[in-house]
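> Chains as they are written, first to last, in my numbering: chain A, 2 to 482; chain B, 2 to 482.
Don't read these hints as lab results, they were simulated from the structure.
Copies of the same chain look alike in the list, so a pair counts if it works inside one copy or between any two.
Here are the simulated DMTMM-like cross-link-like pairs (lysine to aspartate or glutamate), alpha carbons at most 20 Å apart as the crow flies:
#1 LYS51 to ASP62
#2 LYS51 to ASP66
#3 LYS339 to ASP133
#4 LYS36 to GLU91
#5 LYS404 to ASP281
#6 LYS227 to GLU17
#7 LYS328 to GLU67
#8 LYS328 to ASP64
#9 LYS137 to GLU250
#10 LYS321 to ASP380
#11 LYS51 to GLU67
#12 LYS6 to ASP21
#13 LYS36 to GLU76
#14 LYS328 to ASP66
#15 LYS328 to GLU59
#16 LYS63 to GLU317
#17 LYS328 to ASP133
#18 LYS282 to GLU13
#19 LYS36 to GLU78
Keep in mind it's a predicted model, so treat the numbers as computed, not measured.
Number of protein chains: 2
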Amino acid sequence: MQEDKGALPPKETFSEWYNDILWQAEIMDVRYPVKGGVYVWYPHGFAMRKATYAILRELLDKDHDETLFPMLIPENEFMKEAEHIKGFEEEVYWVTHGGGTSELDVPLALRPTSETAIYPPMYALWVRSHADLPIKLYQIVNTFRYETKHTRPLIRLREITSFKEAHTVHATWEEAEAQVNDAVDLYRTFYDRLCVPVIVSRRPEWDKFPGADYTLATDVVMPDGKTLQVGTAHHLGDHFSRTFDITYEDAQGEQQLAYQTCYGISERCIAALISTHGDDKGLVLPPAVAPVQIAIVPIIIKKREEEVRAAAEALETELKEAGYRVKTDFRSLRPGAKYYHWEMRGGVPLRIEIGPRDIDNGVVMTVTRLGEKQTVARDALLPGIQAVMDAFTETLKERAEQKVQEQIVPASSLDEAREAAGKGVAVIPWCGCKECATAIETAIDVSVLGTDVQSKYVADTEGTCIICGKPARPAIIARTY
Amino acid sequence: MQEDKGALPPKETFSEWYNDILWQAEIMDVRYPVKGGVYVWYPHGFAMRKATYAILRELLDKDHDETLFPMLIPENEFMKEAEHIKGFEEEVYWVTHGGGTSELDVPLALRPTSETAIYPPMYALWVRSHADLPIKLYQIVNTFRYETKHTRPLIRLREITSFKEAHTVHATWEEAEAQVNDAVDLYRTFYDRLCVPVIVSRRPEWDKFPGADYTLATDVVMPDGKTLQVGTAHHLGDHFSRTFDITYEDAQGEQQLAYQTCYGISERCIAALISTHGDDKGLVLPPAVAPVQIAIVPIIIKKREEEVRAAAEALETELKEAGYRVKTDFRSLRPGAKYYHWEMRGGVPLRIEIGPRDIDNGVVMTVTRLGEKQTVARDALLPGIQAVMDAFTETLKERAEQKVQEQIVPASSLDEAREAAGKGVAVIPWCGCKECATAIETAIDVSVLGTDVQSKYVADTEGTCIICGKPARPAIIARTY
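Using the sequences plus the hints, can you model the full thing?
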């Protein structure tokens, strides 16, 4: 896997940069021979995924249980819920044959999402009494969509390899509502750990999940100003429980319909992570998810080779024992080539250089991925390194916040909105009706993302709809992935 | 999920016991509506799987990289390697349609195993120079087999949800051979951590992996004496590299064929774990993989309720901080009902009881899952508990070893072999030829598992074949799952 991969295009040309960095930094290999949307995770990409999903699991495990449901959904179960099917039937892969050429009695769907694998067969059996509630389960699985749109690694896939889907059951509509809010809070915490700013909003009625009362969504503004939906939480009301007979006996002995929610995140979180932080030189990763957090580069001069080597090894041992993910680069390359490797390929947050002069001075030289240099006293190594790491995490957050702040622009007319949406997200007053939304979407080729916007850059002010002039609240519009 | 589940059948009636314990201990729910071999992991079962696979990952991560390849394999890639296909074509599920009713240009196989998803499309591109070797990758994925035999949870599945498959590439046949041995050592270490004794042997020619030079297999003797194959390692020689053109440039600049191995473990490891240790009362789990390692049961009497409650909480905190997985059972049930719950459902290695008398005496009472009681001084809690845990792990190992030792019986005639195979594994002298194996297998309804047996209970003695009388080496035979 040691190929010369040429130069990375500048990040300004985002689409080229994105495709190239996945390859250069060995995140995904797109040469797998299924047309579009089926890709291979390189070990380096997978290590990043592992660190990222470890955070997601940590947050979920506080009050969810992890579980695993089957991937194959029988056609008859899948077809039970009309509205839900309508939302997915055009995207389903069907298994029709097993064992050579024998046709299956019942075709099996590859799960596009697991409501029909979980609710009718299992939740309908498991939910019996109010004492069983709430149920809060999640799974991290591969799901499949027969995409007809343009596919793109990590973003629009035929095999989504890393779909985290949570499915909860509650006694009341209000408890389910609280759960949706908890889910959104959890996602916000998750993205904060990745140093990725997100905007939460309530999707318009026509853009909610098939079979939901409402949908809250989490969007990231990508470097080219288009938004990427990176998490959704759905209040399902009693929509599925009514169809699938998911009822519980309440404290008075009466049968009641249960209320449900579901919420999901896919490997789009990795796409957001890479796109938010990367630069013209390559990958930039927050310490929380970097497969290698510290690269030690010994500066070796012949006369004192053994001494430098021993110092580098001692450094590595001490940092590893403190819990850091560390690699020491003893390869016989020029230091410059090593820096290039760790920056481009690794996105390594911190490089430590140690040479004879550093040993003499009782220090190590630290250089962050953004080029900030600082010496750290060798005899106070751990607090010194942690301080540099924490500052680097803060820098990444601020840098990302600053960018997104520039990308969210208020607009009070169609013309202003068009200009704003050219750069990123336009915030417009919108009356809430579908006709006005269609008028906006047609006029300037954007999507109305949602209302009830949760973002510190969007003020909840009253206004008048930019189409019909009726009283309006802020909505966000943008070009989307 | 709080159903009254009735009494567990005794373990003597192993097949009933096995099916029932999966349900009673909430490991798998078998009521999923796909006929046979597709099941649901309950949270408790999944937690056990998680702890078990964490050990597998820990062992592999020392010198493998984790990765992820696509689940869908195009028919034309899948069909490239004749011998390999022959081994699997009867078991493959085919996706033929996508998006409603439109037929795919190329049918897609659900991976039954990933050689053809990895070698022709990716390894053929990735392996270029000797500097790229060795490559040692693994993935943990769902795989699919259209089973026509009787399915059984965790053992014979249509969706194998937890297939760990490793795929390595080497410069020479000898290096690949060493890798196969390393793989077997790794599996032995893994099963040792689960306190499950295994027997390693070399499968007969006709039972090796389709496309392998040879196969080493790891078997567990189940309580009913039948063996369960719980891990295999295959030397693939240059079989696949020749077909798929996986070559590297050696140090002299010459193109050379690469040599390959692959080795796998599925959720059968969980079946072996449950079956080896469980008893008439329910689940028994080694501390290494128990989702809950310690259940604290406060013995509450009204007068000193607050005090006992506080003592239990302090205990939990201290044990959790030391890294144990702990639950305190404050439910208002009688202690006996709680013991039953933690034993049956949880297989919890250690229960700690703490009541007023224990507080007065400065101790806690520990009871292992096998009923061994011991008091531990409160002011030396952690070393005390660790000693009890370690002793319990040793007890489980010895108990399992003792059982398997009884199940492995030498035999020097067909009659003796028949009797031995009724109880477990018969060790017989066998000349190695297929005719004699067929004669044995036909006469007493067993399988010849293999030769070159690695087990401390099988001596490598010379003998004469029980069929033809020619010089022979020990082989193991048994009824198999």
